[in-house]
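Starting from the structure of chain A, add chain B where the hints point.
Chains as they are written, first to last, in the numbering used here: chain A, 1 to 175; chain B, 1 to 777.
None of these hints come from the bench; they were simulated from the model. Note that the Cβ used here is the ideal one computed from N, Cα and C, for glycine as well. Each hint should be verified, as a subset may be incorrect.
Said to hold, decoys possible - Footprint (simulated), chain B over chain A, 3 or more residues, beta carbon under 8 Å:
1) 33-43
2) 108-122
3) 131-140
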Amino acid sequence: MLADKEETSESAALSARGFEAFYAEQVRAVTGLAYALTGSWPAAEDLAQEAFARAYRDWRRVGAFHRPDSWVRTVTVNLATSRWRRITAEGRALARLDRRHRDVVEPLDPDGEAFWRAVRRLPRRQAQAAALRYAEDRSLAAIAEIMGCAEGTAKAHLHAARTRLAELLHVGGPR
Amino acid sequence: MTDPLDALGARAGAQLRQRTDAIDTDEHGALAGVRRRAARPSGAVTAAAVLLLVFSVVGVAWLVRVDGAGPVDAGRDGRTVLGAGADDGWESVAGDAFRSTEGVGTVRGVEVAEGTVVAVGGDAGNGHDGTVRPSVWRSADGREWERVDADRIDDGGEAFAAAAALMTDVTVVVREGGPRLVAVGHATFLSDRRVPLAWVSDDLGASWALVEPGDVAGRLEAVGASRAGIVAVGSAEAEDGAVGASWVSSDGERWERATPAGLADTDLLISIAAAGERYTATAIVGGEEPALWTSSDGRSWQPARVRDRPAGRLFLSRVTAADDGGFLAVGAVEPPGGTGADGLVLRSGNGRTWRQAADPVGAIPGDGVQRLHDITADDDGLVAVGVDDGDPVVWEARDGRAWEVAARGDGLLAESGPDATAAMNRLLRVPAGLLAIGSVTEPPEHLDRAVAWLRPAGERTAGRMPPPDPTGLRLVASSDTQLTIADVDAAIAESFDLDELSGGDPAFRLARRGNAIVFYGTGGDTYVVDPDGPEQPRKLGDSTYFLPSADDDRVWLVDGAAGSSAENRLREVTVDGEETVGSRDVPGGAIPTGAVSGGIVLSTAEGLDVWDPAADDVVARLPGGQFVAAGGSLLAWCENPCATLHATAIGSGDTGLPSDVDDRVLEAPDGAGEWVPHRGEFAPDGRHLAVALTAAADPFASPGTDYGLAVIDVTSGDVRVLDEAGVPPGPFAWSPDGRWLFAPTAGGGVLVHDTERDRTDVRALELRTVHGLATVE
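Chain B on its own, in the form it takes in the complex:
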């Protein structure tokens, strides 16, 4: 009779063999990987190598350089080495600081708080079955490091004495009374049970108090902090295995396991970045699902979209906050059916939609299998670290898109000889420059040991302007033949040829309506298009032109003789084509030019009328008026000449005007010429009005071509001239929330004005000819 344990074991073994029999023994070049791992670095130095960091026997850093430039010495093993101290590249730092007594340590996370660089990880004594303990290292500049005494780090004492506990990431929380460092990690028991852990330090990492984020089995891999709070990510044990999970905290001490909304398909979240009040995380997921997830609160997560997603499987190892307030993500893509992997850099302004940040798309130079592990920005552009064909590599893109190999080494020489391999895993700006943290695997035990490299800072870091907030928006621009959709924060634009687009000069060429874009199309007909699928516009209705309705998701379709007073009719429809106001005859001699909540603004021979089409009644009459803009219950108009602008409340709806003001009168500011009729745009919230100004007062201006742009605070009456003469006279576009204003500049970029911070930047977004402009999220 078979022993029941043996029977169970036999079944378990048979299952295991059945599963492993299905493994392709050389999928993705695994055998080549074994050979590379075995061969490095005792073989010849890679011909393409530029820089290689090595440790000498006494721990002095050397730089290997094989291109012949710079001062050279003969190094060990016949290599050509460049003496340490060269200021034009990377140098190894930290020396033995990351070593424990027995020589093993790993650094998983690094952060800067008030100039102190703090690295967290684990320490394993002799690296065999010794208990793994959380470890912290500190540096005043990223160059000289010291280990924090073990007795200053609460490791849980007896509760975790038998477990392997380590810190996996650290972040800094800005608060009154000084910064707080929050580290996360986990303890792994022999039984495989993992317990998530967190630590806080209020003395820049000199001592740490342990926090257990709750009675949930799981692991924490990363932590990020935004103005909205602290979010840690990892996985939690579930009935059928681990599932991606997040924990939230306001102070790092009290944690709440978030309901894993949206994460059911993930196995583990491994990296998180916070920008503004939004979080983005990279996840390990099965199949072909997205590898990026985004959240506004750290609790509810949605998969992000990579708009030019390459074919194959994405492996995104890290996401970081970019200088412009957006996000960067790096990793690799394994092409379908092929072998190896190609490096991948993605950029997003809002965390929700991503694009590749490489020119040409997909081009990360390298010799073989590339995997990018981290990315950051320095004064000269973007810098990424990772591995190429088994060698640690630094890539740079000065313009943020054209990548080149900046430094490369085929490994690190360890103390005991050349049989060592290395990888660069983390990258961070520190006071002394750019810091890379990685690991070296050295004989005889081949245990990973943390190492650090530093590229000293130039003087360019001084006086840097803080980055603008992310807009989280896309611009949609139209020309006569193309629709261009541009990610404002990522500065990436993509154009689509649309046969339905048309030339001409209607009052409105393009407008956001709800989540859709409405545009003036061929024959004057009106079309609607989904900005997420701009290749397939659909006709909304026959028309001569359209007017945006006061209601956000509707338009008026005007049918008649454009620009003439003969036989105009109009009807209102939603972007879904549903008719909300049936066809009406426009009073004779009038041309519909705008819409407010009280009715249609008609241009007549005498001036402007506001006509209620439902009641067929004129509700307001502005003799001599010229149309400037309409929005909500506000009408902007002027008399001829247009030196005095009126912002007038129409009907009883809410406006940005104070309750005691029905008509805001605004003179053109000194130095400007006149307001420009038909060239105004109200913010959706009615608070601001953007209007073009002629530069007629400038004797050197070119009449008709040089215009300024003013933003009027309707509530206060303040007029702010953003650009004296560098903006074509429209179109302008406001963000849906009314905070951001966008205007193409004469120089080919886009002016971005933040009304909340009263800050104006010009972004390098090439929109070419712009007839219509709108924003979408």
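Okay, chain A solo, but in the shape it has when bound:
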């Protein structure tokens, strides 16, 4: 996990360097987060683009946030867990037929794919908490900030997610 101090200095640097640097540094992880929640690279890219477009549209404000990277993740996980958003993102991807991630992104191993498939079977808030935890290795405080809830609430979502994931994946439950 990133220590809070490291996260703070990182975010300050991000704000200072402007949108382009912010995009370059964050787009991979945000796309991965979207993939964890959608299971589709084209849809993940579309959602990540949408999230960054919203950040860019209001960059003067978003760029001044303490954690613009958290903000873009908040948008991403909310978009990615909307089934409607997912369907329309897939529709756009079909029209656009953008395969570049398919061509450049090696498929996950079966265990990895099964894990994220199980995450996507969770209720929306649990899935968000689990994705942030395992895809991003985020601390509980960071998860709470991105999900826009109290740390205790995030902890409850994560606990419920881990309990259900253990059942779905037939592994030892959380302690």
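Chain B only, in chain A's frame:
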């Protein structure tokens, strides 16, 4: 000790990060795409824009026009707008019809059945986690729309209550008792499991019954119907992920998952079109494999070939049936090593071989990244819609090849302000004109919502002749120096300079033999060439000239003094060079002029002999005869003058003649002069004979240059004159199945006669000088 779930999650997370670390953060201008998406349309109107559709606050359509022409008003945000009602362009229609109560709807497919326009898609209530339901909208003209009540659409009830279910495409099936609409789609559960679904409607879309095409996890993206049946395509879940799949049905109610023959390398089929009894689909595939696949039955699929395939990756988003019975496909190509994408339009007569439909090749005008999403034909040529540099764009090609931007908008203004983006995705001819369906993404939630545009029809739609059936054939034509291969249906020709071609005037210059083309080459030698690789002919053997054998894949190589009676020898070889009849001396004083299954037709001083080279025996003798044509067991010949034509059975083989007729005698029709010797061609099935006629009876004809063309039904004896005086006296070429006849016209086109429908069209295929002509599939 590490928690096993955390250990599993850590590994899954590490894998995901490893994969995403490999992503090029600005591949193909992704950052620029983000900026465009963010910036549109609040920035200035694109200078090149001609037309832009906008919604006003009260939902009234406005047309934005920035070239200054036409009546103008001041629009919102300082834009210049052209008031709605202009009849020379596109106007927004549908208004709020595609909105659900909460404002979200998507249209994926649209079709016309008996004048009713039916659009299918999904509806998501408030667009958040509300359940997505299949939705249908109907219109009598494409202009005024109404939503079909949800309780008239079977959505599966409890079985799919927790799933997101939507319709992705719709087609119309013509049958006795009225048309049936067949829609396909799928339901997606929270677990990611997808179930393919289909619906049927027998009341023009007013109500829909749900069908589940089988117990296979997968999705359906498109459906097409031909005379042979209904085919739906999409993907099915397999052990190692999704694989492209097709389902077939005769009625839309009972579906069978086809064995995925030929689709193993595809991930998803996204579009299908049917023409005649052939299907073509676009597929998403990895790597550089073809993006087009074709099938004659919807079950077994083969990759199609793009003959002038541009370098780079093809992204073909849609394939449609063309007016001429062929296919059109649109999409984009991403050049290798470059950024962005260029629009791409492909055309095919048979679905198997494709060519670009743009002059110059590859030229689709635009400012930046172009992607074409759909294409159709209207009275003025081809129309395509898509996106250029983030703007919805309409392209037109009046001649089917020279593309220009016809309309362009940098987005749609949504009710709540200028922060909206738009795309045009589907295009269809409807009773009121040309209909485009797309989506607008609007704030504050940026959820896609379906919208429609209409370009009102002119009066030109009346009295259109139905399109001819596709031939599915290519013509191969030779001049003294060039071999030209032309896709008949796509009207595209490509020429190759071949040093091996030769001038001269042999009996046969060019012939299809099996799947190969045999031609008369330099020094009289005979060459064979693969029509799919015409640059590399190979010599079949030394000869003075060749004759097509009665067997389809063989030729006789005649070696001697062409046109003379001295020392002629001949042997028969296959197109692979295998000798099937060894060298034989031709009887003295005779010139081989044709071949039938009973032997070689020899021209002698007395007339025609049919000589069996194996037995060295003359099996038939036609005193005073002149050779016209030979094919199978039939010989066409005439006496001098050639006013009376004989079609005579030789030997015991099957012919097109009735069993009680050995010799069909045919007089030249009234108004024509004479049959022309050496200018006939039997269809491969022996049923028809094409023969040139002189126009000597026409006092205004130019002797020696004006000829007619007649098709003789050998079975019935009927003579059909196709062209009185517009066809040079050969060469002619029949399709391998004997249905189609091709003949270059004096005007530079190609006459195409369909014996099945008794229909003749002239196609604009420029073959220039034609000495030899043949067809290949």
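How the hints compare with the structure:
no.: 1; hint: 33-43; verdict: holds (count 3)
no.: 2; hint: 108-122; verdict: holds (count 9)
no.: 3; hint: 131-140; verdict: holds (count 5)
Violated hints are absent here; each numbered hint is respected by the structure.
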